[in-house]
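Enquirer: Given chain A's structure and the hints, the job is docking chain B onto it.
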Amino acid sequence: MFLRHKAIRIVFIGLILIGLLIGCSPGGEENTDTVKSENNSENPPSINTEELVYANFRDIRDLNPHIYSGELFAQNLLFEGLVKITEDGVIPWLAKDWDISEDGKAYTFYLRQDVSFTDGYKFDAQAVKANFDAIYDNKDRHTWLELIRLLEGFEVVDDYTFRIKLTKPYYPLLTEMALTRPFRFISPNCMIDGTTKDGVDGLIGTGAYVLTENHIDEYAIFDVNENYWGEKPSIKRIIAKVIPDNQIRTLALEKGEIDILYGTNMIDADTYSKFDKMDGFEVTISDPVSTRMLIFNTTDEVLGDLAVRQAISHAVNKAEISEGIFQGLESPADTIFSKKIPYCNVDLAPYEYSVEKAQEILDNSGWIVNDNTKIRKKNGLALEVDMYYNSNNVTEKTISEYLQSELMKIGVKINILGEEEQSYEDRMKNGDFDITFNISWGTPYDPQSFLGAMRMPVYGDYEAQQGLDEKQKIDDSILKALTVTDERERQELYDYILTTLHEEAVYLPLTYQRNRAVFSDKVKNVTFNPSQFEIPFEKMYIK
Amino acid sequence: MTKYIIRRILIAIPMMLAVSFIAFVLINLIPADPAEVALRVNEIIPTDEVIEAMREELGLDKPYFQRYLSWLWDVIRLDFGNSYINNTRTVYGEITRALPATLRLASLSLIIVILVSFPIAIFCAVYKDSFFDRFIRLLIFVGTSIPNYWVALLLIWLFSLKLGILPTSGNEAKGSIILPAVTLSLTYISTYVRLIRNNMIENMTENYVFYARVRGLKERVIIIKHVLKNSLQSCITALGMSVVQLLSGTVVIENIFSWPGIGRLCISSIFNRDYPIIQAYILMMGILFILCNLIVDIVHHKLDPRLHGGDIN
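Those protein sequence lines, which keep their order, are chains A and B. The opening residue of the first sequence carries number 1 in our numbering; numbering runs sequentially from there. The opening residue of the second sequence carries number 1001 in our numbering; numbering runs sequentially from there.
Keep in mind that a hint or two might mislead.
Unchecked claim - Listing some non-contacts, in silico: residues in chain B with all C-beta distances to chain A over 12 Å:
(1) Phe1024
(2) Val1025
(3) Asp1061
(4) Val1243
(5) Leu1265
Claimed, not checked - A few chain B residues facing chain A, derived, Cβ under 8 Å:
(6) Val1050
(7) Ile1085
(8) Asn1086
(9) Thr1090
(10) Arg1134
(11) Val1151
(12) Leu1153
(13) Ile1156
(14) Gly1170
(15) Glu1172
(16) Val1251
(17) Asn1255
(18) Pro1260
To be clear, the hints were calculated from the coordinates, so they are not data collected in a lab. A virtual CB, placed ideally from N, CA and C, is assigned to each residue, including glycine.
Extracted from the complex, chain A is given alone in its bound form (with noise of 0.2 Å):
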């Protein structure tokens, strides 16, 4: 018995002993892709001045600057394009200049002579051709840009010298051009039978940053680029840390384990105000970058009467929205894109928040309503419609649940119907609504590309439309607003285009998404770049 008890006693030694080596063995090591690395450190260094722990909600994936499945932040930090957006406009990047051709149809640039990749590949016109080269092979991919659509060649004029020819001018150019993806520079020592599409062999670009670490649904290290052409940032190295689950995000930054939360989808409202008030970190809050919306279908029985949608426009109450629900963090949008975007500084005169104007509305043009539904009839036609909504976004259900009682009150039944993203989409894609959800697609894209994409029965807008007696020329507008080379004109047009869709409420803004970021106090300088989808870790210091 004895011995039994001996043999137990030593399975269980065995097993905590087990226990221990498995607890205290240091993971990862197993999952590193290999990466040129300088530094073979086991697990990130603690913190310093030079060092920022960032945090994002999923591995930042394939890098590769020509596709479209990386982190942006992460393609940002590793890859340079020739231009670049700030808030004055496009400026000089890896093109110290640039001419622009007087039918507006060629772009000749004049690149840096001072750059390399960081694997010393000069960065020249042959380079930039190179990308090129790589880019055009996969134009399918890229056919969302009209620029790809509309290109006619490009060359290497001199060394130094690259020049893009377009079948019509287009005027975005220079900012598809600044766009993250697929415009920027990988050496290409990385391409693979002088391609990308099938990815990369590394990734080496000419940014102030190389990848030196990638632990794969762990953490990512960038350390700053020592050669780099520029100014080097302030902070040498940047931890980006994956943790998906947004509670543990907070929790990781109140501990001190991250230094910053910086995005839209990472923080939302609680978090933003919980921060607000804590000792020890700083909340900061963009201007508006895109504009949440409904689009009504026109083409509908109910909703393809004007006067239903603009007393709907009149019965909503956004500040409430604003406030109710985002807590002061998205503010009530008036038009369909903020005034502050190019060319969307256009004089109209706001639906205002009224329930009487609504009724009236609704009254003059015969929907009566039935005393004993509440619901209002117009030649037996109930105003009743179907609103969607994604029912894996909390917000959208509870914005659909909340004008469902508020439109009721002018007799408007609204029937809300959450659907699985994938449903959704294609719902909203073949126009199989009354009422759905929209979210404009943000700096830099908006207005060109968002309104651009109209134009093609790829998103809900084509469908949405179709009810507007003046849709086609709605569509030439768009089209003529992208390739005139005439300020003016555009102008314009671009008023005929957002004066049209404004008073014919096929949208109903409801709130302007603003950036935001939470962070250590001890980090200075977090700004927003224009470009909503790229953060500027080079202007940030920690003191």
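Expert: For chain B alone, coordinates are given in the frame of chain A:
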């Protein structure tokens, strides 16, 4: 015995085929078109021509059964294709990358479960209806009722934020496995304590215990050598199933604790509609269940002489 094992293995093969068929069919039952999904996840506008090209690339234009067979043939050679999201990564590579972390987490949890539940259960059975037993019963009741994501948040709040002795999440810092492993094991501890305790109490009323007492054996010997040993039979079945459940049940825990394992891979694949990975995951878990069942049956057969009409002496 050998005959029995061979027979069981032979039965397992058609079951695995059935699982593979279900894994294949389930994904194809999803109303969305996989070609369109593959495009949309890469933010490509799914126009008709692009969809057609993608259907061809994925082989979706071929007849259903032919697709199943060619998929099965690939799977047998461990070629699950490439991920939709990261086209350059193979599904096999993704799974083998994530599996070790989950194995570490699941094995530590299993060890905690065994170390904690056995002594408590034995104590509860021996001192049935004592204060300790009642208290543990209450704890078990609470333990099985509380959702483990909530326990996880409470533990993080206490041990990371307030006491500051363990990291909130991740895999890189020392001791980071402790909180997820403890959280994961809590539900199982509750189950096992209850299972072993009840089995032991049941066994204590059996005749053999009575005869053992008559033979004048020490109570300790009776409990450990006879009652516990006999009570463990049903635990082996449960344990076999728990191994797979521990591996597949890490989804929530891995997400909360940012643990880079197979559960995280699965959930992010579901969110991203990375069908090849989801398919491989379903298949892997199905086959693991079958294998564990097989092992449990064989072990049972070996341990329990009654099952193979063996020599009771």
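Enquirer: Now tell me if each hint is right for this structure.
Expert: Now for the hints, and whether the structure bears them out:
Every CB of chain A is more than 12 Å from the CB of Phe1024 (chain B) (nearest about 19 Å), matching its label as outside the interface. Distance check for Val1025 (chain B) against chain A: the nearest CB is about 18 Å away, which clears 12 Å, and the non-interface claim stands. Under the 12 Å C-beta cut-off, the non-interface status given to Asp1061 (chain B) relative to chain A holds; the minimum distance is some 18 Å. With a closest Cβ-Cβ approach of about 15 Å to chain A, Val1243 (chain B) is found to remain outside the 12 Å limit, as its non-interface label requires.
Separation of Leu1265 (chain B) from chain A is inadequate, the least Cβ-Cβ distance of about 8 Å not exceeding the 12 Å criterion. Given hint, Val1050 (chain B) at the interface with chain A, holds; its Cβ is 6 Å from that chain's nearest Cβ, closer than 8 Å. For Ile1085 (chain B), the shortest C-beta to C-beta distance to chain A is roughly 6 Å, which falls under 8 Å, so the interface hint holds. At a threshold of 8 Å, the smallest CB-CB gap from Asn1086 (chain B) to chain A is about 5 Å, leaving the interface hint in force.
For Thr1090 (chain B), the interface hint is violated, since its Cβ never comes within 8 Å of a Cβ in chain A; the closest pair sits about 12 Å apart. Because the beta carbon of Arg1134 (chain B) sits about 26 Å from the nearest beta carbon in chain A, more than 8 Å, this interface hint is broken. With a least beta-carbon distance of about 13 Å to chain A, the hint placing Val1151 (chain B) at the interface is violated under the 8 Å criterion. Hint status for Leu1153 (chain B): holds, given a least beta-carbon distance of 6 Å to chain A, under 8 Å.
Restraint check, Ile1156 (chain B) versus chain A: the minimum CB separation of about 6 Å is within 8 Å; hint holds. Hint on Gly1170 (chain B) holds. Least Cβ distance to chain A is approximately 6 Å, under the 8 Å limit. Because the smallest distance between the Cβ of Glu1172 (chain B) and any Cβ of chain A comes to about 5 Å, under 8 Å, the interface hint for this residue holds. For Val1251 (chain B), the interface hint is violated, the least distance from its beta-carbon to any beta-carbon of chain A being 11 Å, above 8 Å.
At its closest, the beta carbon of Asn1255 (chain B) sits 5 Å from a beta carbon of chain A; the interface hint therefore holds under the 8 Å criterion. A least Cβ separation of about 4 Å between Pro1260 (chain B) and chain A falls short of the 8 Å threshold, and the interface hint therefore holds.
Comparing the model with each earlier hint shows violations of hints 5, 9, 10, 11, 16; every other hint is respected.
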